[in-house]
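K.L.:
Okay, here's what each chain looks like letter by letter:
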Amino acid sequence: MQTVSDSKRRHWALRDVLLLAFVAVFIGFIFWVLGPVYNVLAAALTPMGLAPFANDLLLGGWMMAAPLASILIRQAGAGLLGELFAAAVEMLLGGQWGVATLLSGLVQGIASEAGFAVLAYKDWHWRGIFSSAVTGAVITFIWSLFRDGYASYHIGLLVALFLTRFVSLLFFGGVLVVAIQKLIEKAGVLRRD
Amino acid sequence: MNPLMKFGVIMIIALELTFIKSVTINLIVIAVSAVLYLILHLRWRQWLWLCLLPVLPGLGSWFSLMYFGTGDHVHMAWVMLSRVYAYLWLGGLFTLKLNDERDIFLATLEQRAHLSPTFVYALVGVLNFMPAVNQQIKTIRVAAQMRGMTLHIWEPQLYFKAILSAIRWSQSLAEGMVSHGFTEGAQRTHLEAVTIKRLDWVIAIIALIAFQLLLLPHWY
Amino acid sequence: MTELVVQQVNFAYNDATVLRDVSLTMQPGSLNLLVGPSGSGKSTLLKLLAGLYPTFSGGKLTGQLTLDGYEIHDIVPFQRVAHIGYLFQNPTRQFVMKTPFEELRFSLENLQVAPEDMTSRIEDALTRVGMRDFMWHDLMTLSGGEKQKVALAAVLAADSHYLLLDEPFANVDPTSRLQLIQLIKAYQQSGKTILIADHDWSGYTDVIDDVFVMADGGLHTASTAEKTTILSQLPTQPAVHTTQPDAVIGDVVLDQVTLTNGDRPLLSKTSLTIPNAKRTLITGPNGVGKSTLFSALVKLYPYGGQILYQNQSLTKRRIAQHVRDVALVFQNAEQQFVAMTMAEELAQAQQMSRFPELWTSAVLDDVLTRLNLAHVRDHIVYQLSGGQQKKLQVLLMLMTGTPVLLFDEPLAGLDSVSQAHLLAIIAEITTQQAQTVVMISHQLHAVTDWFDYHLQFEDQALTFRGDAS
Chain A
1 MQTVSDSKRR
11 HWALRDVLLL
21 AFVAVFIGFI
31 FWVLGPVYNV
41 LAAALTPMGL
51 APFANDLLLG
61 GWMMAAPLAS
71 ILIRQAGAGL
81 LGELFAAAVE
91 MLLGGQWGVA
101 TLLSGLVQGI
111 ASEAGFAVLA
121 YKDWHWRGIF
131 SSAVTGAVIT
141 FIWSLFRDGY
151 ASYHIGLLVA
161 LFLTRFVSLL
171 FFGGVLVVAI
181 QKLIEKAGVL
191 RRD
Chain B
1 MNPLMKFGVI
11 MIIALELTFI
21 KSVTINLIVI
31 AVSAVLYLIL
41 HLRWRQWLWL
51 CLLPVLPGLG
61 SWFSLMYFGT
71 GDHVHMAWVM
81 LSRVYAYLWL
91 GGLFTLKLND
101 ERDIFLATLE
111 QRAHLSPTFV
121 YALVGVLNFM
131 PAVNQQIKTI
141 RVAAQMRGMT
151 LHIWEPQLYF
161 KAILSAIRWS
171 QSLAEGMVSH
181 GFTEGAQRTH
191 LEAVTIKRLD
201 WVIAIIALIA
211 FQLLLLPHWY
Chain C
1 MTELVVQQVN
11 FAYNDATVLR
21 DVSLTMQPGS
31 LNLLVGPSGS
41 GKSTLLKLLA
51 GLYPTFSGGK
61 LTGQLTLDGY
71 EIHDIVPFQR
81 VAHIGYLFQN
91 PTRQFVMKTP
101 FEELRFSLEN
111 LQVAPEDMTS
121 RIEDALTRVG
131 MRDFMWHDLM
141 TLSGGEKQKV
151 ALAAVLAADS
161 HYLLLDEPFA
171 NVDPTSRLQL
181 IQLIKAYQQS
191 GKTILIADHD
201 WSGYTDVIDD
211 VFVMADGGLH
221 TASTAEKTTI
231 LSQLPTQPAV
241 HTTQPDAVIG
251 DVVLDQVTLT
261 NGDRPLLSKT
271 SLTIPNAKRT
281 LITGPNGVGK
291 STLFSALVKL
301 YPYGGQILYQ
311 NQSLTKRRIA
321 QHVRDVALVF
331 QNAEQQFVAM
341 TMAEELAQAQ
351 QMSRFPELWT
361 SAVLDDVLTR
371 LNLAHVRDHI
381 VYQLSGGQQK
391 KLQVLLMLMT
401 GTPVLLFDEP
411 LAGLDSVSQA
421 HLLAIIAEIT
431 TQQAQTVVMI
441 SHQLHAVTDW
451 FDYHLQFEDQ
461 ALTFRGDAS
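Chains as they are written, first to last, in full-length UniProt numbering: chain A, 1 to 193; chain B, 1 to 220; chain C, 1 to 469.
Keep in mind the hints are simulated off the structure, nothing from the lab.
All C-beta atoms, glycine included, are put in the ideal place defined by N, C-alpha and C.
Worth double-checking, as some hints may not be accurate.
As the list claims (entries may be wrong) - Incomplete in silico selection of chain B near chain A, CB under 10 Å:
id : residue
1  : Met11
2  : Val55
3  : Thr70
4  : Met76
5  : Met80
6  : Gly91
7  : Leu93
8  : Phe94
9  : Tyr121
10 : Met130
11 : Ile163
12 : Ser170
13 : Val202
14 : Ile205
Kindly produce the complete structure, drawing on both the sequences and the hints.
P.N.:
So this is what it looks like as structure tokens:
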């Protein structure tokens, strides 16, 4: 008979991949439930030309799957994969951006992942988390310059939008993720061998 | 056409659209999609969905660019409005057919794109669990409400509970998969071997070349 | 024939010994029963035999646990399941695919069965368990019994020598249970070796070869006399003493309510009133829809007709407000915790209570002592044992003090002493707080004289049972 120890230890264990996928789906759904709130907010802001603020205000939430996947799986690529799973869920649920959701998911995943990468994937606690929130805000903003036509905005509006996005990421992707990690570690519900 | 091939073509075009500031190109993409939809025989609800869904994000960008744009911002406002439609109509070619084509899409990922079965079946699993996840999130919130606590979107406890469910569910699904013989990194046989027709490649290449030609003259 | 060896197996998890010095020998082609109280280690042993533990549990395993000389958990799964089949207690979250056909295809593809043999093997296995007609149904909408048949078909298709079953009938209705037992017997007669952990062995007492008794992590084979005694103790359902309600006054009213699961009708048009400030028991076969009814009562499941609370339709009541009046003690205790340590949970419940004057520290200390929870007050709730979690959850929900409190199997998995204490405390407190209690329970021996009324859920109908009052 063939044994498991004969083959090399797998980098992406089944249980980890499933956990990552489920976390992404749960987070995707939590923010899907928030969809109507976003729509109302965006609709209210639209006539004033301020609709992009609704997007930037909630972006941190939509991007939460990435840092959560990173801190749970603690592996390079986890954040990117988590965000891709979350984007796939959003697309399948009928998100307003269609396939562009997946492209954004890819960019958002890379953006969040970069924060852990610059710390050489050694810090999975608050330093890594906040670093990923910062890279997340900067890189996705560059993407928005192209995809959302941000490049054509007044510099004043651009600065305001960036600050909004930065705060959103600091809160959802930073403060909240650190708090969630504290709860998980205190509860001792995650086995890591 | 094989759904993975179709997906690839759509993603490449969608990526290019991100960097093209052309109302004409966007409209052509929408028009071509519309023709394909006519061939596909959509239900009226799906047409409605295609027409209404992009209104909000489209107008959101349009108004902002009209009010707060600089340079060629009026042009850009129309680009953004048409782009949102182009994304959704283009993507709909894939997503609206996905219910029928899901299995072959996943099988192609496994057999032809040689994505590790661990990822393919994790995706299969969570897709099948999506209704259960939706219900579970409701249950989490109601269970807490019974204790007099409302779990708001900004409260870590909500996410902690969701992750706790994810931990438990991924564990039991992993056990279930392994008890049905799933072995990481092992060979698998396939009841239906997926082949990609040569015609699919030809169509994909023609579609991509045609799109590039469209960009060439800069006549927009 | 492959040889399964279990010699002096010890298993510890989180510094707690779960199995000590367990040895087990099963005769080839035999059908064996594994008995013991819940929490004694039966599930752990079965999962170790199936090779799922310690891979999925962690923990320390010593002793000999081998198949043809190979460590079981070390054998690659696609070869292992060709020798050892395993049926989970709850099949709900174990299927990865959408339909029975696809799940079996997934399994046979894993086992590297040749594509040309696959369809016939799948159809054959599903036919044998009587699920051929359900081949393309959505697994999520199947009943517990049907899911278990599909899980059994996967084992048949793999043709495993050993079949391990962990309380396979826990979520299965009586008819399906008898059908499953026939299938398992037939499988044994084709020369397979079977081990079943179960509480209720009625229907297959005659074919049991050996009985293994598990207690506190230790295992022994029952002697002939012991076996006879055990098998004669069929868990009889004692009569519950209740009366028929007359002229019922109640805040919760069902008006022509219907329930369905997918296409399957669970409850046909039913109108009734739940008696206020009384204790009502709901019994009925597994899978009949009891938990679904509770979900509907707290707005977590769609229903037909009208459910009213104090003459107001549930559809008009906001869920946050409704569940402060009608609350459910979920089967899964973990779901209902909102803090981290037991002390924090209690403080939160005290603060949220409708009867804060009742829940003084002295009362709380007394209740905690009676529930044997006082010593774990500072523990993290997620690390308590299943029984401790359940007792704490019930207490927290009692402290909240909603006018109507629904209990879904609150006694399952508790030893008889804990059951008695918990029931006494529920009775005392709900009487003081004038609460309406509705409980789903299978532990009838614990509650023969505890309830006022008894609702039987059967054949898509809910009827009051009991003597005339």
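K.L.:
Now, for every hint given, state plainly whether the structure supports it.
P.N.:
Each hint, compared with the structure:
Satisfaction of the interface hint for methionine 11 of chain B is found here, the shortest Cβ-Cβ separation to chain A being roughly 6 Å, below the 10 Å cut-off. This hint holds: valine 55 of chain B has a C-beta 9 Å from the nearest C-beta of chain A, less than the 10 Å allowed. With 10 Å as the threshold, the beta carbon of threonine 70 of chain B comes within range of chain A, its nearest partner Cβ sitting at about 5 Å, so the hint holds. For methionine 76 of chain B, the interface hint holds, since its Cβ comes within 10 Å of a Cβ in chain A; the closest pair sits about 4 Å apart.
Given hint, methionine 80 of chain B at the interface with chain A, holds; its Cβ is 4 Å from that chain's nearest Cβ, closer than 10 Å. About 3 Å separates the beta-carbon of glycine 91 of chain B from the nearest beta-carbon of chain A, less than 10 Å, and the hint is met. At about 9 Å, the closest approach between the beta carbon of leucine 93 of chain B and any beta carbon in chain A falls short of 10 Å, and the interface hint on this residue holds. At a threshold of 10 Å, the smallest CB-CB gap from phenylalanine 94 of chain B to chain A is about 7 Å, leaving the interface hint in force.
Annotation: tyrosine 121 of chain B was flagged as interfacial toward chain A, and the flag holds, the nearest CB pair being 8 Å apart, inside 10 Å. Taking 10 Å as the C-beta contact cut-off toward chain A, the hint placing methionine 130 of chain B at the interface holds, the least distance being around 6 Å. Annotation: isoleucine 163 of chain B was flagged as interfacial toward chain A, and the flag holds, the nearest CB pair being 6 Å apart, inside 10 Å. The closest approach between the C-beta of serine 170 of chain B and any C-beta of chain A is roughly 4 Å, which is under the 10 Å cut-off, so the hint is satisfied.
Hint status for valine 202 of chain B: violated, given a least beta-carbon distance of 22 Å to chain A, over 10 Å. A least Cβ separation of about 20 Å between isoleucine 205 of chain B and chain A goes past the 10 Å threshold, and the interface hint is therefore violated.
Violated hints, listed in ascending order, are 13, 14; each of the other numbered hints is respected by the structure.
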